[in-house]
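Peer 1: Using the sequences and the hints given, assemble the complete structure.
Number of protein chains: 2
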Amino acid sequence: MKKNVLIIGAGGVAQVVAHKCAQNADLLGDIHIASRTEAKCEAILASVREKGAHKTDGALTAHAVDATDSKAVAALIEKTGAQIVINVASAFVNMHVLEACIETGVAYIDTAIHEEPDKICETPPWYANYEWKRRDRCAEKGVTAILGAGFDPGVVNAYARFAIDEYMDEVKSIDIVDINAGSHGKYFATNFDPEINFREFTGTVYAWQNGEWTSNEMFEVGRDWDLPVVGTQRAYMSGHDEVHSLAANYPNADVRFWMGFGEHYINVFTVLKNIGLLSEQPVKLAEGQEVVPLKVVKACLPDPSSLAPDYTGKTCIGDLVKGTKGGEEVEVFVYNVADHKEAYEEVGSQGISYTAGVPPVAAAMLIATGEWDAREMRNVEEMDPKPFLKVLGQIGLGTWVRKGGTDEKLY
Amino acid sequence: MKKNVLIIGAGGVAQVVAHKCAQNADLLGDIHIASRTEAKCEAILASVREKGAHKTDGALTAHAVDATDSKAVAALIEKTGAQIVINVASAFVNMHVLEACIETGVAYIDTAIHEEPDKICETPPWYANYEWKRRDRCAEKGVTAILGAGFDPGVVNAYARFAIDEYMDEVKSIDIVDINAGSHGKYFATNFDPEINFREFTGTVYAWQNGEWTSNEMFEVGRDWDLPVVGTQRAYMSGHDEVHSLAANYPNADVRFWMGFGEHYINVFTVLKNIGLLSEQPVKLAEGQEVVPLKVVKACLPDPSSLAPDYTGKTCIGDLVKGTKGGEEVEVFVYNVADHKEAYEEVGSQGISYTAGVPPVAAAMLIATGEWDAREMRNVEEMDPKPFLKVLGQIGLGTWVRKGGTDEKLY
Chain A
21 MKKNVLIIGA GGVAQVVAHK CAQNADLLGD IHIASRTEAK CEAILASVRE KGAHKTDGAL
81 TAHAVDATDS KAVAALIEKT GAQIVINVAS AFVNMHVLEA CIETGVAYID TAIHEEPDKI
141 CETPPWYANY EWKRRDRCAE KGVTAILGAG FDPGVVNAYA RFAIDEYMDE VKSIDIVDIN
201 AGSHGKYFAT NFDPEINFRE FTGTVYAWQN GEWTSNEMFE VGRDWDLPVV GTQRAYMSGH
261 DEVHSLAANY PNADVRFWMG FGEHYINVFT VLKNIGLLSE QPVKLAEGQE VVPLKVVKAC
321 LPDPSSLAPD YTGKTCIGDL VKGTKGGEEV EVFVYNVADH KEAYEEVGSQ GISYTAGVPP
381 VAAAMLIATG EWDAREMRNV EEMDPKPFLK VLGQIGLGTW VRKGGTDEKL Y
Chain B
21 MKKNVLIIGA GGVAQVVAHK CAQNADLLGD IHIASRTEAK CEAILASVRE KGAHKTDGAL
81 TAHAVDATDS KAVAALIEKT GAQIVINVAS AFVNMHVLEA CIETGVAYID TAIHEEPDKI
141 CETPPWYANY EWKRRDRCAE KGVTAILGAG FDPGVVNAYA RFAIDEYMDE VKSIDIVDIN
201 AGSHGKYFAT NFDPEINFRE FTGTVYAWQN GEWTSNEMFE VGRDWDLPVV GTQRAYMSGH
261 DEVHSLAANY PNADVRFWMG FGEHYINVFT VLKNIGLLSE QPVKLAEGQE VVPLKVVKAC
321 LPDPSSLAPD YTGKTCIGDL VKGTKGGEEV EVFVYNVADH KEAYEEVGSQ GISYTAGVPP
381 VAAAMLIATG EWDAREMRNV EEMDPKPFLK VLGQIGLGTW VRKGGTDEKL Y
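From first to last, the protein sequence lines stand for chains A and B.
According to my numbering, the first sequence is numbered sequentially starting from 21.
According to my numbering, the second sequence is numbered sequentially starting from 21.
Treat each hint with caution, since some may be false.
[To be verified] Derived pair list, reagent style BS3-like, types lysine-lysine, alpha-carbon separation capped at 27 Å:
hint, chain 1, residue 1, chain 2, residue 2
1, A, 304, B, 304
2, A, 304, B, 192
3, A, 293, B, 406
4, B, 406, B, 192
5, B, 139, A, 318
6, A, 304, B, 406
7, A, 293, B, 192
8, A, 304, B, 318
[As the list claims (entries may be wrong)] Quick look at which bits of chain A chain B covers, simulated, 3 or more residues with Cβ under 8 Å:
hint, region
9, 124-130
10, 284-298
11, 312-319
For the record, the hints were derived by calculation from the structure and aren't laboratory data.
Every value quoted in this text rests on a predicted model; they were computed, and no experiment measured them.
Think of the CB as a built atom: it goes at the ideal place given N, C-alpha and C, for glycine as much as any other residue.
Peer 2: Quick look at the structure:
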């Protein structure tokens, strides 16, 4: 059954979501997109039309909305007749948009954990601070809410569940590795909103190890990974959303997240952080003006969506999952490889936006078919991973597994 | 004859000026200090009283003034009966303060070239853009205006003139070398106002070579210098005020300025500059606020005056002057070595502020004695250097010369 979609947000990921929804409008129905700046939504829809991506003659309409205003979002849901909201706006608005979905009884999908602008790195598990407090209300109202359904978190949660279900009796560790071996040609840029990007690395690095939360500093724990396609890459243990739900669902496994960084990135990050320029707390200028330094850094850096045209190279994101099967040690690496240039040619966005934007559309398609219409709040690993990986393979993100030194395409 | 002094500014250099004026109040008379924030002036005077530095029972008084308002400065000059204004406020106010001195007919001393907030690195010679346009008016009114009378510019201009007068018939080159081999123990800090400090290095590097202005990028031309006390240090050709007057006064000599930088400073500077954080042009934040990035960097960095208590090590600033005498090649290095800790113990400021703040007081003392009361506008090398170097030696900044491998104290 067709389900109309309302996309919230108008950044690089929203552009991918809009293209993918349009390509699959035969399943999804009317497509609406809303953000603070309607012109940004219009630009995205123009790009969809330009690529001839829209498969039906259903609505393809832009709106302005302040997504921190739940009532305004609820009114827009009513007005558009949306049945699924794909929220890919700033993580600061997540709970406001979820409230609007609970209020109006429609499905909710996001790709990142909620954050409050003035708080960095709250106590683990992070989902318990905002999302899981709304579990009961989602269940009472029969609202399907799929949390963290981007690539990481999202697809990597499904990879973990798939690897465990498919290859082992018992899981011992889940190591998620995210490598962007692409090049944007700029002196420095973040691949998505700098305000969110840097916040990931300015707080404590939480991991779940030996049945408890452990904490480290960013760039304290590094490891070289030998990976398919991208080769040997150095990645550092980082805090990340999916660690916080996977640890709850697989408490006997060690759960860690590793993000790849080059020396140049680390140097720039270290300089900015040590000077205090990544702070979300306002400073007072000599002239009296109050300013949040991180917002100024954001304004100085290239807009992540501007990187797409010249981005080349590949990403490799996957899960190294270790456990036992019939008493034997078993180890698999389930992964995807994406190409920046191919992403740009298809949807006008770079590979990081592509890997983040395709999965929530796959989730929406599974809600529309009923396969993922859980009528309660779920993290991705709490859903059957197979239909998800199958749809992902169909709409642009293949799944491979490396096992015993051999790489095999699964979906 | 005693001459009352009005100090404009309340930063680290102003603190040194206030202490040194107080120590020499038997020659200088009443001492007044004014800045936008009167409390900062009061704090400086409290430090003067605490050290028991004030030699007389003359006035030692703080005032509030907006130094960009010439009329307000003129009114304060009239009110205080000041006969010499020592301007060590931001370089942005210089011409406003000079106008007030011309208006009221009192002597003017500054330590840096005038700058307009929205312009970086104007066309050479820099003094011709603002200061020298007021030469005729100073002469008409009989106003003594000593430009750039800090250490560099200032003492190094006197060193150049002294070296040429004393040791050669003809000058071929003047290389000014400024090395701070001290350590403040912070991750990163500038030794004076970051807004002015960084502006020195974001523009074109002008030098006067082979009878014309040459231009380079910052950090493009580096050279190792073997110097007294501080040893071998790497310094980079930089734009600096004194090059612009020395080139006019010694057009047949090559005139260059070299500033010492460690790799860490260059790295931080390069990151901030390449990202655009050293820009004086406002950027617009996502929320609509307009902000000058450089002012945010300034707000994040330590206040230069806060570095003083923990600053250790020495500075070495001098002029390598080459020429001929009786047909023979001759080469001398005239220099000063200052110690951060000694400066702090004497006047509560670090060595960079000390070397910048003592010279304008020496100049004021020479105006009071009449030796430097030129009744027109002068750059420091246009004044007799000997009485200046003599007073400097008496009040805290000795002069040495290295010639033929031997170091000798001159003053």
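Peer 1: State for each hint whether it applies.
Peer 2: Comparing the hints with the structure gives:
no.	hint	in the structure
1	A:304 - B:304	holds (17 Å)
2	A:304 - B:192	violated (49 Å)
3	A:293 - B:406	violated (49 Å)
4	B:406 - B:192	holds (22 Å)
5	B:139 - A:318	holds (24 Å)
6	A:304 - B:406	violated (46 Å)
7	A:293 - B:192	violated (47 Å)
8	A:304 - B:318	holds (10 Å)
9	124-130	violated (count 0)
10	284-298	holds (count 8)
11	312-319	holds (count 6)
Checked against the numbered hints given earlier, the structure breaks hints 2, 3, 6, 7 and 9 and satisfies all the rest.
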